[in-house]
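*Asks:* Sequence:
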Amino acid sequence: MVIFARFNIGMSSDGSKMAQRALRSSYVSTVVSTSLVLFIAGVLAVLILNAKKVSDYFKENILISFVMKSQAGEDEIKKFAEELSAHPAVKTVTIISREEAAEKLSKELGEDFVTFLGSNPLLPSVDVNIKADYAEKDSIRALVNHFSKNPLVMEARYDETLTEALASNIKKISLIILAFGSLLFFIMMVLINNTIRLTLYAKRFLIKSMQLVGATRSFIRWPFVLRGILSGIYGAIIANVLLVVLLYFLQKHLADIFGLQDVVFMLTLFAIVLITGVLISGISTWFAVNRYLRKSFDELF
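Numbering that gives the first Met the number 0 puts the first residue of the sequence shown at 0, with every later residue one more than the last.
Derived from the structure by calculation, the hints contain no laboratory data. These figures come from a predicted structure and were not determined experimentally. Be aware that a few hints might be false.
Quick list of simulated restraints, FRET-style, between CB atoms [said to hold, decoys possible]:
#, residue 1, residue 2, range
1, L104, K77, 19 to 25 Å
2, K103, A166, 26 to 32 Å
3, T160, L108, 22 to 28 Å
4, K51, L108, 33 to 39 Å
Note that the Cβ used here is the ideal one computed from N, Cα and C, for glycine as well.
Take the sequences, apply the hints, and build the full model.
*Replies:* Structural data, given as structure tokens:
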């Protein structure tokens, strides 16, 4: 009998350890699942928060080139460039001399065409990048028409079709991101909710046992809710670390669009991920515990 009792105690101890390991494993899986879902949500938040910045980046890369006449002197071209710089729609102005234009074209062609032709047929130009707020078809056309009246300007070149397509595509992309974001947010809520429900499923008998011995619903509920909030915080921290790594690599290749130096953007992003993780984890845990509190003991099987 003594041997049998010791065997039972050993089995009980082993079973308790296995149960603890299973619970610990389910909690870790909850945190990992939450962090991955929040990371994907954070990537979407990066796109949404940078939508205007990305849009402005492409708009401000629209190039208008004012080709000057051959008789235009250096001082006259500089004066014309100063007039352009003073215009409220203009962001940057770059003077391209005949020599610079020839050097650029030679690099593109892969050979020195000036030596081949015996002279440089290219004309000097003034290249203009406009501000994003003025990157509309009518605003660009008005600017081009105004400065093309200058007697030193031979012609103005810019891709009008590209300008129209850019404005149209930016609107379409914004709508797609909004629709995709709404869908992803819904999927994210479902995934985290299901993960938490599966974790609490293993504790359903504990919840019901506490209720049967007289514990109030709030007494039973709050420890689980707080644990759910903590898992949301841990998941958010992991997700934010992954986002920092992602933004670090993006900064190397797309520094003009994404950057770690924007403190307000980074804090906003981290706050969104953290608040989302806490709210979804806490609310999902609340409803999952209530579900088991409402069930009878027989319904738990």
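*Asks:* If a hint holds in the structure, say so; if it does not, say that too.
*Replies:* Status of each hint after checking the structure:
1. Hint check: L104 to K77, Cβ distance near 23 Å, so the stated range 19 to 25 Å holds.
2. K103 and A166 have their C-beta atoms about 28 Å apart, which keeps the hinted 26 to 32 Å range intact.
3. The hinted range of 22 to 28 Å is satisfied by T160 and L108, whose Cβ atoms lie roughly 25 Å apart.
4. Between K51 and L108, the C-beta spacing of about 38 Å keeps the proposed range 33 to 39 Å intact.
No hint from the list above goes unmet by this structure.
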